[in-house]
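> Start from chain A and add chain B according to the hints.
There are 2 protein chains.
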Amino acid sequence: MALVFHKLVSVNEALKLLEEKLGGIRPLGVIEVPLLESLNKVLAEDIRAPIDYPPFDRSMVDGYAIRSFDVAGASDVTPVQLKIVGKASIGSVPESHVGPGEAVEIATGAMIPRGADSVVMEEYVVRKGDTLTVYRPTAPGENINQAGSDISAGDYVLRAGTLITSREIAVLAGLGISRVKVYRPPKVTVFSTGVELVPPGELLATAKLYDVDGYVITSMLNELGAEATFKGILPDSYDAMKSAIADALEKSDIVITTGSTSAGYGDMIYKVFRDLGAELIVHGLKARPGKPTAIAVKDRKILFGLPGFPLSAMMNMYTIVAPVIMIMRGLEPNVELPKVKARLPFRFPAGRGFMELIPVQLVQNVDGSLSAYPLMTGSGSVAGIGLSDGFIAAEENREYFDENEEVTVNLFSPSLRIPELNIIGSNCPGIEVVLRVAGLTKSSRVISVGSMGGWIAIKRGDADIAGTHILDENTMQYNVHMPKIMGLENEVYIYRGYARRIGLLVKKGNPKNIKGFEDLLRPDVVIVNRNKGSGTRVLLDMKLRPLLKGERPEKAING
Amino acid sequence: MALVFHKLVSVNEALKLLEEKLGGIRPLGVIEVPLLESLNKVLAEDIRAPIDYPPFDRSMVDGYAIRSFDVAGASDVTPVQLKIVGKASIGSVPESHVGPGEAVEIATGAMIPRGADSVVMEEYVVRKGDTLTVYRPTAPGENINQAGSDISAGDYVLRAGTLITSREIAVLAGLGISRVKVYRPPKVTVFSTGVELVPPGELLATAKLYDVDGYVITSMLNELGAEATFKGILPDSYDAMKSAIADALEKSDIVITTGSTSAGYGDMIYKVFRDLGAELIVHGLKARPGKPTAIAVKDRKILFGLPGFPLSAMMNMYTIVAPVIMIMRGLEPNVELPKVKARLPFRFPAGRGFMELIPVQLVQNVDGSLSAYPLMTGSGSVAGIGLSDGFIAAEENREYFDENEEVTVNLFSPSLRIPELNIIGSNCPGIEVVLRVAGLTKSSRVISVGSMGGWIAIKRGDADIAGTHILDENTMQYNVHMPKIMGLENEVYIYRGYARRIGLLVKKGNPKNIKGFEDLLRPDVVIVNRNKGSGTRVLLDMKLRPLLKGERPEKAING
Chain A
1 MALVFHKLVS VNEALKLLEE KLGGIRPLGV IEVPLLESLN KVLAEDIRAP IDYPPFDRSM
61 VDGYAIRSFD VAGASDVTPV QLKIVGKASI GSVPESHVGP GEAVEIATGA MIPRGADSVV
121 MEEYVVRKGD TLTVYRPTAP GENINQAGSD ISAGDYVLRA GTLITSREIA VLAGLGISRV
181 KVYRPPKVTV FSTGVELVPP GELLATAKLY DVDGYVITSM LNELGAEATF KGILPDSYDA
241 MKSAIADALE KSDIVITTGS TSAGYGDMIY KVFRDLGAEL IVHGLKARPG KPTAIAVKDR
301 KILFGLPGFP LSAMMNMYTI VAPVIMIMRG LEPNVELPKV KARLPFRFPA GRGFMELIPV
361 QLVQNVDGSL SAYPLMTGSG SVAGIGLSDG FIAAEENREY FDENEEVTVN LFSPSLRIPE
421 LNIIGSNCPG IEVVLRVAGL TKSSRVISVG SMGGWIAIKR GDADIAGTHI LDENTMQYNV
481 HMPKIMGLEN EVYIYRGYAR RIGLLVKKGN PKNIKGFEDL LRPDVVIVNR NKGSGTRVLL
541 DMKLRPLLKG ERPEKAING
Chain B
1 MALVFHKLVS VNEALKLLEE KLGGIRPLGV IEVPLLESLN KVLAEDIRAP IDYPPFDRSM
61 VDGYAIRSFD VAGASDVTPV QLKIVGKASI GSVPESHVGP GEAVEIATGA MIPRGADSVV
121 MEEYVVRKGD TLTVYRPTAP GENINQAGSD ISAGDYVLRA GTLITSREIA VLAGLGISRV
181 KVYRPPKVTV FSTGVELVPP GELLATAKLY DVDGYVITSM LNELGAEATF KGILPDSYDA
241 MKSAIADALE KSDIVITTGS TSAGYGDMIY KVFRDLGAEL IVHGLKARPG KPTAIAVKDR
301 KILFGLPGFP LSAMMNMYTI VAPVIMIMRG LEPNVELPKV KARLPFRFPA GRGFMELIPV
361 QLVQNVDGSL SAYPLMTGSG SVAGIGLSDG FIAAEENREY FDENEEVTVN LFSPSLRIPE
421 LNIIGSNCPG IEVVLRVAGL TKSSRVISVG SMGGWIAIKR GDADIAGTHI LDENTMQYNV
481 HMPKIMGLEN EVYIYRGYAR RIGLLVKKGN PKNIKGFEDL LRPDVVIVNR NKGSGTRVLL
541 DMKLRPLLKG ERPEKAING
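Chain order of the listed sequences is A and B. Those letters in the first sequence? Residues 1 to 559, per the UniProt record's numbering, in order. Those letters in the second sequence? Residues 1 to 559, per the UniProt record's numbering, in order.
Careful: at least some of the hints might be erroneous.
Same chains, same names: a pair is fine if it fits in one copy or spans any two.
[Stated by the list, open to error] Heads up, simulated SDA-like pairs for lysine to any residue below, C-alpha to C-alpha not over 25 Å straight-line:
1. LYS187 / PRO523
2. LYS41 / ALA322
3. LYS459 / SER369
4. LYS341 / THR165
5. LYS181 / VAL433
6. LYS508 / ASP57
7. LYS291 / VAL126
8. LYS187 / GLU37
9. LYS181 / GLY232
10. LYS7 / LYS301
11. LYS87 / THR206
12. LYS339 / SER443
13. LYS181 / VAL437
FYI, nobody ran anything at the bench for these hints, they're computed from the structure.
So that you can see chain A by itself, here it is in the shape it has in the complex (with noise of 0.2 Å):
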């Protein structure tokens, strides 16, 4: 029997019940790492300056180390005469003392010596033996790099909760920190179930399908900083299939399954996490995609299992499994992706309900701002993972994205690649060809949406080339119509790009003799028809309308 969602819950309802069935999501514990193995990971302790930092007194420059009072009136014209009474070396304790009347040669970095108070760089002096002329003054501290002025020994220097990039990195060495306190990640098994899948590599019968999800999100977590396994597709016994997430559940702190929480048949997911003694707290969820999704807690651990279409999966992880990784880090739950402002180029529905993660495409305007392209490819697409920039957010009470909207876009890459062509309109395979012989591929973006969407891309300014094959019917002539009615007049240029032969592609040795449209209309032909809009259908539909005689296609021919 067909299991019904009958409570959906809001992604922060969601995040709200976790928190509330585990007492509060936490950072998971502490471990001590070597310096260079803490990039990345989060520190788990307030770190106080053992030192200061300098910690002595150094020269910022090669030079001499001298008393500013003896050199008070050094000019060019009245230099004055220092005796160098030695050295002082980077790393060691210099053995003079300057005395009045004395100097020091001295390196960048090294320590000043007694009785120094400045350093004279040497392009100002000029030595003979052990006399140094000096011609020009030093103010008190001049090229002296003092003790604790960059960090004071006790100083708060990074907070617990700081992400440790190469920059923390530096701050800890130099206080002479060699092991650093930092949050356990927290430790991620991944499942895929589905009696369809198959791994790629192998060979894919028909009606099966390459595992995308394992791979997909197996590869976000590494991302999102935790420590990720991928076990692999699960079989489909319900022992078996038990077995192993008690297995991996017993070695991490979150188990992730995706496929078998639809509605429709596959609730295996449900029964697993139930009878592995974890309570079952969400069990669908108000986002789109990513509805069918179940999340169970056993002690201080999470199952979840996400809906088997990768897309939604995928926005899944961004809207509940990121926030729980990123606090068991010890960071905050918002995940850290770059944001743009951009505008939308048509009205569209979204929310209603739901909260709805839709990824887009952006192009920049002739004007500079960005357009924001939604990519209405569906949840069961891939090439949209691909192709996405980055992804708006509807609210759950939101009715509609309205055009020209402007809206944040969470981008996928730190830095945004503004392609410098944008090709939108009616694909074709031809488009890529040509951009690869013209080395564009690069720098050009090519977004399909439909002739119309082209015409109106132009009309914007977000395209510089739009494909178009829309048929006047009054003159039987394509696209020459088009610029009167969008009002693009003397605004833009038609050329012809190239005409396309279709045929007929049958059977090797043509096997039930079709010769014409004719033959499609015997009951013991099947025709794979392009879907309807397509050119190629309106051109098939057309020379059938004479054979039909008023009768319609979908009834005469099998299609």
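Just chain B, lined up with the frame of chain A:
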């Protein structure tokens, strides 16, 4: 003898020279790795889809596969009855064929049985035994995800030179690709040099410093996607240094040393590079910080001798090492640091013949805009490295940045956490204590610009609170005269913070029997002074003035 930088080379010239001498900087080679290991590597091949995606027509919903023509007129009042002839399950080729008046039960993702042209959702039907009552019409293609509609076999889906993130992994997995050709990441060996250096964790003798560079450079390289190995501090012997670097050069694509490049004393690195048979192509860089830099090439390998000051070494990493690493990885040379626009709070000199990278701290002004406070800490600072949010770059031909000039800030972190409370002015360790007690450490930022800088920050709207101790010599009162001077009357509140007790710290037992300021004039007494301009020094000078009877304190006191 001191080594002088005779001919400084700009960063761009240095990159051009590298390009020339290496016969082009380019990716190092191609390796094939399992899909999950390709994360964060760069694709070395164009990927054409080997299969359609989806590979078969599949249902997008749970429901029944039907012929749309059969239910053309279906509605709540005129439902249509169909005969259920089978079931299409996920992962199997459906055994049943949908003839006129027939339906096949189907799950989301299952293959569409032959004969059906659409799927009616289970919400719009009622099933009784083998009879299906349909209350809604369907359009041909409805709820069907057509084979190849997402990706057609032969489509170019990913291009060589693409950084592989979790999203690219999703696309590759979906197409069944289990092993990927990627560019081999560059192998880099890192050494520190300097007799003054001690590894963090060991005891620090006087005049010694903890090694920062080895740790920060290695971490930065790992962040940049190179395979970096830190081999510690090189011994201070020509032979040992030469053999260690020769060995590293054998095993790596790039060898980086830090320190021993300044013109004063330690010119050992240049000699070692040359004696290893490498051609020294850069010997001094028009970069600030970062001038004392050596670059040499041997065969197709590069030796970088970076300066010893951590900030100098880091800035060179951004300007010259990172572009080389990026190209060798197969990416564009520019490092993908996120950027924001900000305005500068005051005018300051920058550039003047050098490419200058200036670390900045960002604060949000009351009007919502960002101000970038340059960290004037000097290249010897390590605190500055940790405190800065990013850096601004001054081109060689620039003379200064102007007050309120808009600049682009290259951010160290992808997302900027704007502190809620900005405390800008004269600093005091007590502020940190107060913030900790108040639980405000995470949401606040303390920027030290001195008392006057604090007043200017208040005036600009950057600072919420400013620490100040400016004495009015006319009234001998602190701070209360400032609002009038700044034109901020009735706009600021002055709260009295706390008073300091100032004293003289002497050796245990006070062996020199120091009782007061007059003892400081004794020739056998040496005082460790606060810097000129500090409140304490002003007080000390004031107290000494009557005792000195017109003599300058620098002359009368051993400071």
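> Which hints, by number, does the structure contradict?
1
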